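**Student:** Each chain sits in its own coordinate frame; assemble them with the hints.
In order, the protein sequences belong to chains B and P.
The numbers in my numbering rise by one with no breaks, and the one at position 16 of the first sequence is 16.
The numbers in my numbering rise by one with no breaks, and the one at position 181 of the second sequence is 181.
Treat the hints as calculated values from the structure; they're not laboratory data.
As the structure is a prediction and not an experimental result, all values here were calculated from the model.
Among the clues, some could well be false.
No more than 27 angstroms apart at the CA atoms, straight line, and that leaves these computed lysine-lysine pairs for BS3-like [claimed, not checked]:
id: 1; chain 1: B; residue 1: Lys529; chain 2: P; residue 2: Lys138
id: 2; chain 1: B; residue 1: Lys367; chain 2: B; residue 2: Lys507
id: 3; chain 1: P; residue 1: Lys22; chain 2: B; residue 2: Lys3
id: 4; chain 1: B; residue 1: Lys3; chain 2: P; residue 2: Lys138
id: 5; chain 1: P; residue 1: Lys59; chain 2: B; residue 2: Lys228
id: 6; chain 1: B; residue 1: Lys302; chain 2: B; residue 2: Lys316
id: 7; chain 1: P; residue 1: Lys138; chain 2: P; residue 2: Lys156
id: 8; chain 1: B; residue 1: Lys536; chain 2: P; residue 2: Lys138
id: 9; chain 1: B; residue 1: Lys3; chain 2: P; residue 2: Lys59
id: 10; chain 1: B; residue 1: Lys316; chain 2: P; residue 2: Lys59
Taking CB as the label site, the calculated pair distances span [stated by the list, open to error]:
id: 11; chain 1: P; residue 1: Glu112; chain 2: B; residue 2: Glu480; range: 41 to 49 angstroms
id: 12; chain 1: P; residue 1: Gln31; chain 2: B; residue 2: Glu480; range: 52 to 60 angstroms
id: 13; chain 1: P; residue 1: Asp119; chain 2: B; residue 2: Thr2; range: 42 to 50 angstroms
id: 14; chain 1: P; residue 1: Asp179; chain 2: B; residue 2: Ala301; range: 55 to 63 angstroms
id: 15; chain 1: B; residue 1: Val587; chain 2: P; residue 2: Arg176; range: 25 to 33 angstroms
id: 16; chain 1: P; residue 1: Arg176; chain 2: B; residue 2: Lys228; range: 54 to 62 angstroms
id: 17; chain 1: B; residue 1: Asp84; chain 2: P; residue 2: Pro126; range: 51 to 59 angstroms
id: 18; chain 1: B; residue 1: Asp540; chain 2: P; residue 2: Leu177; range: 34 to 42 angstroms
id: 19; chain 1: P; residue 1: Glu112; chain 2: B; residue 2: Met108; range: 27 to 35 angstroms
id: 20; chain 1: B; residue 1: Thr2; chain 2: P; residue 2: Glu58; range: 36 to 44 angstroms
id: 21; chain 1: B; residue 1: Arg546; chain 2: P; residue 2: Asp179; range: 25 to 33 angstroms
id: 22; chain 1: P; residue 1: Thr98; chain 2: B; residue 2: Met108; range: 31 to 39 angstroms
Computed list of chain B residues with no C-beta within reach of chain P, every gap over 10 angstroms [what the hints assert, rightly or not]:
id: 23; residue: Ser166
id: 24; residue: Glu213
id: 25; residue: Lys228
All C-beta atoms in this analysis are idealised placements derived from N, C-alpha and C, irrespective of residue type, glycine included.
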Amino acid sequence: MTKALLTGNEAIARGAYEYGVSVATAYPGTPSTEILENIAQWKEIRAQWSPNEKVALEVAIGASIAGARALVAMKHVGVNVAADPLFTFTYTGVNGGLVLVSADDPGMHSSQNEQDNRNYARFAKMGLLEPADSQEAKDMIGHALMISERFDVPVMLRTTTRISHSKSLVELGQPQDRTLKEYKKDVRKYVAVPANAKVRTGIKQQRLQEMAEFSEQTELNHIEWNGKHIGVVTSGICYQYVKEALPEASVLKLGFTNPLPLKKIADFAAQVDQLWVVEELDPLMEDQIRAAGIKVHGGKAKLSFVGEYSPSMIRKAVLGMGLEDDPSANAPANASTPALAPAAAPVRPPVLCPGCPHRGPFYALKKNRKRVTGDIGCYTLGASAPLESIDTTICMGASIPVALGIEKARPEEVDNLVAVIGDSTFLHSGITGLIDTVYNKGTTTIMILDNSITAMTGHQHHAATGQTLQGDPTSKVDFEALCRAVGVKRVRVVDAGNLAELDQAIKEETVVREPSVIIARRPCALIVKQTAPRLKVNHDTCVGCRMCMSIGCPAISHADKRSTIDPALCVGCGLCQQVCKFNAIVVEEGQ
Amino acid sequence: MKGIISILLVGVGGQGTILASKILTEVAMRQGYDVKMTEIHGMAQRGGSVVTQVRMGEKVHSPLIEPGQADYIVAFEQLEGLRWMHYLNNHGTVIVNTQRINPMTVITGAAEYPSDALDQIKASAPNMVQLDALEIAKQLGNMRVVNVVLLGAMAKQTNIAKEDWLAALEATVPARLLDINRQAFQAGYDAA
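Excised from the complex, chain P in its bound form (with noise of 0.2 angstroms):
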């Protein structure tokens, strides 16, 4: 609908998108927006796929991101990009991490990784960044900022303040954990 932002995370359970999510309606609060979010938790923990929607604007109804609708799509790994692709629309920017995680179906046997991922991204993104962001974290030394490398990489893409992503993330980040936060956030943003 005009006028509103929509964001789709979408990654593997346990790779931190909750977190990203917090931020990033934190980000819309200060913005002055109205913001709605919706994710799924249960089953889908446990390793499987994950996506968390987010909906910004002046008035927001529906939580949904429906197929050709998202503005943004930030893929912490590789096949769940190319997965969830059908849902940018066709002026939208598709941020990736490069990491690749192989889902039972690869593991058993029973499917391939398709190895041309990125490159099926990229055929059908206007835009796209990729970065490697687990190895960014992990020169930081801290495997568990992947989601805010990759938020930094998506800010970069935004016409929202640095400042105002700063502020979100004091926010919502406890406070021990900010410092690093506030490295992976730079890096993200620097490599995107």
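Only chain B is shown next, with the shape it has when bound in the complex (with noise of 0.2 angstroms):
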């Protein structure tokens, strides 16, 4: 048996490998990007970005219905863009299993929000796994194919961060067969009218009375038998942390929980003195445990409500104590020694890169004081020190419509505004906003920062970048005559890096009386290769005005007033030089 050390999101796309997956489906986003990502190395598996999770999600449904297994995975708040099919999937039911892998981000490591996407099996009516390490992840594609397929049913299998991006010894299996399911039209079943939906409504109740008894039978719902004191409930993640924190403690360890198995729970919580409920964010599973009559000596009001758990919490909630009292463990070895206290250490918060398109943009708006709507990518780091350009930054594409809604609350500051987003971002779900703009008479000025990739989650192809998931060439979204054919008649191209052009543009543009679009374009500096030669300050002519501080590029420090580039970091960019005003910053001889 082949073992190899995977991560979650590597070992669920070999679970769609080997359990017969033919068509797969995202749109990039931490944590889980690399799930379509590593399905891409498998041509077998017809997998593709699209331009956002609901678009994503109803392909998938396309292939479900057309006989095929099929995968769709998305970040946590993805799923609430393509909540709309979603809901209503649920109500038809598939052909080919459907499994929506929803990745969540307790403690929000690179999310806005920390929503429990659980709540979505549970308000759907669908099937919901959590695996506890990778290879419970890569098996439990397997296990929502075939629930899925059982009973009629799309599927979520719910990750959490620590899953996704942590790496554990998985087994490899061989591929199943990938014949697709037959295809007969069932227009009563399919076509989601009011009349076949009243049918559908009553079938989608009983089937979940089904899988609570599914969810009763299932091996991946078993007690894990030790002292009788402690008895803990609990899923995903939180399950490695209890077993951890907690080796005397009996656990009832859930991997299917929607619809719970509340018998086995009743039973589990009847043999120990004390039931603890240990799941992260929200009280999915000990709400419906309470609610069900079982008494739960502890759970989220000893807990936290709130990010992610580790051992020691658990074990200080539940025992009254931390890991460091435990005496199996390896530390302290002298329990004389203290604990050492954080150190106090300055933070180091993530920064646009040296040369990152991106920067020219925020300068030039904050040197204009303009008011910024922004979006969601690597440029919401144009929010921090020293650029502090963003004034607003809600969800995916909503740069747009929010800046319409100032414009319509204070129609006298439109000259004032401007809305920025990213290129992946408009493709994703700007351009219904752009549409509002030009339909309701908006005049906001529109900056699309158009660096030709999908840069934050680790640059990925989209739309309008000529090229497929798997690196194939492709049609290619052209912005400038997509805005024109939407109505707006003011679209120029600028130089990202040209702070002069950018100057110009925003001064010209915000002032109109009708809508316009900026298109700041120039690829991100991380795909392509250096050209410019790298620059360094004459400290001769440095008068030390910290003026190319301002731009927060990271290779630029200043100390005994003179600026300093590093040139390990410089890539030649010569933003720095264009804010010197005493031509301090030049090329580096002999490169």
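**Tutor:** Structure follows, in structure tokens:
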């Protein structure tokens, strides 16, 4: 048996390969992105980036109805975008099995919120699986597809960052057969009009009861007996924390968590002195367990309603002591040595890279004192010091409509207003906002920060890069033509690395009484090979005015009234040269 | 937990902590250990603080290392070493690269880089190895091998045979870069 050390995402991709998935779709989003990137290695699976999660799910639904096993992956907030087709697809049901991977992000390592998407499974009345390591992540793709086909329902596989981005050992298996199921036209099942949906809603309720029976029977939900004093009901990564924190406790490990096996839980509860429910984020299991009349000794109120858990946190809550009090633990060898306190260290926030093409537009916007509605991507970092050029960030695509709303509320401020949005985000959900601006006579200026890639998630292709997920050439969205087609008459393209051009465009476009689009274009500095010569500061002419520090480039530092450029970091973009009033920044000789 | 070796790799986005952790997990697998590794991607990649956690042993449940639990901290940068020092257990070893990278908070003047970071680390670490891995890498002619220089320095502090480290290096690094990485490993090993 071959074993490999895989992340949860790599294991999910492997599961798609082994368990007969034929079509896989996604829009990139941390911590889910690597699932599709890894699936792309198998040509047996037709895999693609879609422009957003709704479209990705709809493509997967089509594949399922056509008889293929399908997988669609997204980050937690992506499910909000995909919720519309999802809620109706639980009425129609599947043909080939469909698994939706929701990668949640408790603790918000790379997200704007920490919503608990297990709620969606309950809300939409679909099956829910929660893997506790990479092996389970792979295996549960198989279970999810089996459950999906057996109960005629889409199934959610819900991971969290610590599953998605943690590696553990996985046994690799052989891929199974990929024969499609037969497709038969079935109007009463797949045409969701009221007459049909009224029938399907009853079927949906019946199916939920059948799934509840399955939940009681399946080995995915099993008891690991130890002492009978403390019993813990848990799922996902919390299972690992509980096993480490409470080696003496008995554990009811739940892998299939919607519907819950309430009889099994009641039976387990009756055999232990104290029942604990350990789950991150919402008390999804705990509320249902309490509502079923089962006495819960401790749960959310003694742990936390927010953020990630950890073994020591669980140990403190349940036993009143931390891991440092564990006599079986390695540390401390000498109990009289106090634990170290965290040292005072200046924070190191993420920054725009040296040569980043977003730096110029934000510098120009700040200089012109604009109010800026922002969006989701690397350029959200334009909100941090020293650029500090963003007023709002809500969700994918919100920049343009939020600007329109500000204009509607305060028409007198429109000259001061710019919406910024990245190329990938514009394709995801920015276009409808632009149409709304034109249709409802908005006059705001929209700036598309076009770095020609989905950068933040690690450089994925999209519909305007000219390449597919697999890197094959394909058609390319023409942003200028698209903006004109929806009715924007003023569309201009500027070099995002040219401050004078940016400044002039912002000044001219914000004062006109019609909507205008500035496309600030320059490819991401991490994907274009450096061709410009590196720069250095001539210390004879540098007067120490700190002007170059105002662009927030990590390659430039300032000490003893002189600026210095780190040659290891500089990519020669020349932005600092453009702001230096003393021509003190010059090309480094001998490159 | 008993019998588990916990290693924290801390640094700045772009310094190569991920490849280092790959080599480490390969070493663990060659010892026949169960192994778990966790790291945070995303926003942190863009020049922010990065941390990778590796745990190995007979059976590893949680991938997380908590304060006071790390047997080894490999700090790719001084300030990051200082930031994570309280994760070291009271017989742990810190391997610290003396390189300094100013965070944006220091660049903008909002904060000051602690000039005594190394002294602070030394004062609180049961065992400390310091080396200028960047300078060593430069002398070898490739600034990108800082990570493997540091792994070489760490290897010397463990009971794991040097051959196992070199085999893991061979299994992880692309063939064309194997030579330079072998040199980097040896240089780190010798400097520690």
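**Student:** If a hint holds in the structure, say so; if it doesn't, say that too.
**Tutor:** A quick look at each hint next to the structure:
no., hint, verdict
1, B/Lys529 to P/Lys138, "21 angstroms, holds"
2, B/Lys367 to B/Lys507, "11 angstroms, holds"
3, P/Lys22 to B/Lys3, "15 angstroms, holds"
4, B/Lys3 to P/Lys138, "37 angstroms, violated"
5, P/Lys59 to B/Lys228, "23 angstroms, holds"
6, B/Lys302 to B/Lys316, "9 angstroms, holds"
7, P/Lys138 to P/Lys156, "21 angstroms, holds"
8, B/Lys536 to P/Lys138, "20 angstroms, holds"
9, B/Lys3 to P/Lys59, "15 angstroms, holds"
10, B/Lys316 to P/Lys59, "23 angstroms, holds"
11, P/Glu112 to B/Glu480: 41 to 49 angstroms, "47 angstroms, holds"
12, P/Gln31 to B/Glu480: 52 to 60 angstroms, "58 angstroms, holds"
13, P/Asp119 to B/Thr2: 42 to 50 angstroms, "49 angstroms, holds"
14, P/Asp179 to B/Ala301: 55 to 63 angstroms, "59 angstroms, holds"
15, B/Val587 to P/Arg176: 25 to 33 angstroms, "31 angstroms, holds"
16, P/Arg176 to B/Lys228: 54 to 62 angstroms, "59 angstroms, holds"
17, B/Asp84 to P/Pro126: 51 to 59 angstroms, "57 angstroms, holds"
18, B/Asp540 to P/Leu177: 34 to 42 angstroms, "40 angstroms, holds"
19, P/Glu112 to B/Met108: 27 to 35 angstroms, "28 angstroms, holds"
20, B/Thr2 to P/Glu58: 36 to 44 angstroms, "21 angstroms, violated"
21, B/Arg546 to P/Asp179: 25 to 33 angstroms, "44 angstroms, violated"
22, P/Thr98 to B/Met108: 31 to 39 angstroms, "33 angstroms, holds"
23, Ser166, "4 angstroms, violated"
24, Glu213, "31 angstroms, holds"
25, Lys228, "21 angstroms, holds"
Comparing the model with each numbered hint stated earlier shows that hints 4, 20, 21, 23 do not hold.
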